[in-house]
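Single-letter residue listing:
Number of protein chains: 2
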Amino acid sequence: MSQLKQVAIVGATGAVGAEMIRCLEERNYPVGSLKLLASARSAGKKLKFKGEDVVIEELTKDSFKGVDVALFSAGGGISRDFAPAAVSAGAVVVDNSSAFRMDDSCPLVVPEVNAEDVKKHQGIIANPNCTTAISLMALYPLHKAFGVTRVFASSYQAVSGTGAQAIEELARQSREWAKQDRAWDAAKLDSKPQVYPWQIAFNVLPHVDSFLDTGYTKEEMKMENEGRKIMHHPGFRASVTCVRVPVFRAHSVAISAEFEKPISVEAARAVLEKAPGLDVIDDPANKLYPLPLEIAGKDNCAVGRLRMDCAMDNGLAFWVVGDQLLKGAALNAVQIAECL
Amino acid sequence: MSQLKQVAIVGATGAVGAEMIRCLEERNYPVGSLKLLASARSAGKKLKFKGEDVVIEELTKDSFKGVDVALFSAGGGISRDFAPAAVSAGAVVVDNSSAFRMDDSCPLVVPEVNAEDVKKHQGIIANPNCTTAISLMALYPLHKAFGVTRVFASSYQAVSGTGAQAIEELARQSREWAKQDRAWDAAKLDSKPQVYPWQIAFNVLPHVDSFLDTGYTKEEMKMENEGRKIMHHPGFRASVTCVRVPVFRAHSVAISAEFEKPISVEAARAVLEKAPGLDVIDDPANKLYPLPLEIAGKDNCAVGRLRMDCAMDNGLAFWVVGDQLLKGAALNAVQIAECL
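In order, the protein sequences belong to chains A and B. Per this note's numbering, the first sequence starts with residue 28, numbered consecutively. Per this note's numbering, the second sequence starts with residue 28, numbered consecutively.
These aren't lab readings, by the way, just hints derived from the structure by calculation. Just so it is clear, the structure is predicted and the values come from calculations on it, not from any experiment. Treat the hints loosely; a few may be bogus.
Put simply, identical chains are the same to the list, so a pair is met inside one copy or across any two.
Simulated pairs of lysine to any residue, SDA-like, Cα-Cα distance not exceeding 20 Å [said to hold, decoys possible]:
(1) LYS314 <-> ASP240
(2) LYS88 <-> GLN149
(3) LYS325 <-> ILE308
(4) LYS314 <-> GLY242
(5) LYS146 <-> LEU367
(6) LYS245 <-> MET335
(7) LYS215 <-> ALA191
(8) LYS171 <-> ASN252
(9) LYS314 <-> ASP236
(10) LYS215 <-> GLU203
(11) LYS325 <-> LEU216
(12) LYS146 <-> PHE238
(13) LYS75 <-> VAL58
(14) LYS147 <-> VAL222
Construct all of the structure, not just a fragment, from the sequences and the given hints.
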């Protein structure tokens, strides 16, 4: 029988925090006690866990006494400020922010890819970028079989990746458009966006995370940087365009991947059908392919649109979709905690 | 002074037809008389041209007597059935469907790229696929300067590309969601989609046009096939994923392009800034990049997010946006008519 763990969630009131609570419940994680931590603003409010009220406490450096596992999802600044305190108090931190991902002393883990790296932790284990984690669910099994050299990828990222306020922004803008009974070609609203720099409803934004001097966004470099670390593949190259789309909670990624060994659609499908945590939905004749609205709320990611790449030898083009809040965040974090 | 032309529009009641009428007006095309043709269902209705009512007539094989230029935008079947009749009657057809694009006897023209091909026509000139035309507005100037070998491209295509009923479907689904005051994670509606196989509101569909046996859609092959013909570049390769997004009328395309000659962001920008019909919007520090909601209704396409490709030598990544109904359809057709 598993030993019961004292678990803390930092950022319990966020979009990912809510899914972390649900994942702990649904996966029957051996929770002894659950501590929900958030900012002072939320302290005193209650959330349900297994039918019981849990009172939210204010996050302080003294919050982690007796805590075994602390799941952080409150942004990089909070992680940098509070994760060391949690580690000092004896907790193992699973951090959903980008703060420690590229830190050599912190394993970066997708359990289906590199669960064994969890053992090397020195207190903090990092949860990868959502688009990277979802892409690797299909790319890594193909890499093991055929040896990936590089990918060209474009993302279609849901607003949940930006957090609860962004979800509300898409909902509010969509309602504003509908309630004003606007014509379709008057889709640009009068109200100013608050979370994104531009309206997200009826628009797509080629801007996720902040820009680097190279012209890439930080988000666009995560697939190459985090992919190399997670796959233990320092030569892996990734050319990525990250785009926010008016979808609520599942990310989609169009990938063209080049491999060292010859690949075929049939051989790739055979590999992907055996991959853990991944469904193959690839029956174009019946209009079946992964869709973010269908994958939303599901633990498994899905891959489809398998075809030989038109512009590369040994290239395969495919389409991966995963729930950003689950495999892209909360589920992967809880799976890491299960590896402990 | 230009000689006045007798102009017919076939498919006058469609989303593209409406824009054709507007483009003829706004560009002061020398219209002597305008004949608006549509199905029997629309015959007798009126549309405005330069403030005057024009009565819609039913399209028949006898509709083209005295017509100099016939702009077709009513689908491939109508074009195949009626374009030969228009040519027999002495008209030059500019056809927006895919029916004649790959026909060796029909020039396929983006005027900024290959206007001189118009002269070779034998009665029918084809208007290219919208995503291809918009992509070439940025790709062709780069090709002339640096010699493109191949591209990896992912599209974010507006519903206008499917026609007026698809526009109405996105609007109706968005209103249904808003009026039911649904939670954000209940974005899947009860109502069945009618135009697309799956709900388009709050979703993205990796399915544009019909599927081929290779696993590609016809739409995905157009950039390679039509791009080769328009650029006179038979070795051009294109690996494309075409995706429908809940945007009303402008297409976006994320492109990674490989060139024969060394390229730099600065050299590429200098070339693109001189390209006709194209604006460079590329100032990430000020959150400026092309957006479909901003480009909607504009004649010029826009390019931005210029950066050296991470996964190719001599590679450039960029983002092109263009109004699907204008440069992707009606505007390009009227520009072709202007070349006559």
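For each hint, the structure was consulted:
In this homomeric assembly, LYS314 and ASP240 come within 20 Å of each other (Cα to Cα) only across copies, at 13 Å, whereas the closest approach inside a single copy is 42 Å. Only within a single protomer do LYS88 and GLN149 lie at most 20 Å apart by alpha-carbon distance; the minimum there is 19 Å, versus 79 Å between protomers. In the homo-oligomer, the alpha carbons of LYS325 and ILE308 lie at most 20 Å apart inside one protomer (14 Å), although the nearest pairing across protomers, at 38 Å, exceeds that limit. Proximity of LYS314 to GLY242 under the C-alpha cut-off of 20 Å is restricted to the inter-copy arrangement: shortest distance 11 Å between copies versus 37 Å within a copy.
With identical chains, the CA atoms of LYS146 and LEU367 are at most 20 Å apart within one copy only, with a shortest distance of 8 Å there and 72 Å across copies. Proximity of LYS245 and MET335 under a CA criterion of 20 Å is satisfied inter-copy only: 15 Å between copies versus 30 Å inside one chain copy. Proximity of LYS215 to ALA191 under the C-alpha cut-off of 20 Å is restricted to the inter-copy arrangement: shortest distance 19 Å between copies versus 22 Å within a copy. In this assembly of identical chains, the alpha carbons of LYS171 and ASN252 lie at most 20 Å apart only when taken from the same copy (18 Å versus 34 Å across copies).
Taking the shortest alpha-carbon separations for LYS314 and ASP236, only the inter-copy value of 11 Å comes in at or below 20 Å, while the best intra-copy value is 33 Å. Within a single copy, LYS215 and GLU203 get their C-alpha atoms as close as 11 Å, and across copies as close as 19 Å, so both meet the 20 Å cut-off. Taking the shortest alpha-carbon separations for LYS325 and LEU216, only the inter-copy value of 17 Å comes in at or below 20 Å, while the best intra-copy value is 33 Å. For the homomeric pair LYS146 and PHE238, neither the shortest alpha-carbon distance inside one copy (34 Å) nor that between copies (46 Å) is at most 20 Å.
When the C-alpha separation of LYS75 and VAL58 is checked against a cutoff of 20 Å, the pair qualifies only within one copy, where the shortest distance is 14 Å, while the shortest distance between copies is 70 Å. Proximity of LYS147 to VAL222 under the C-alpha cut-off of 20 Å is found in neither arrangement, the shortest distances being 37 Å within a copy and 53 Å between copies.
Violated hints, in rising order: 12 and 14; the structure is consistent with all others.
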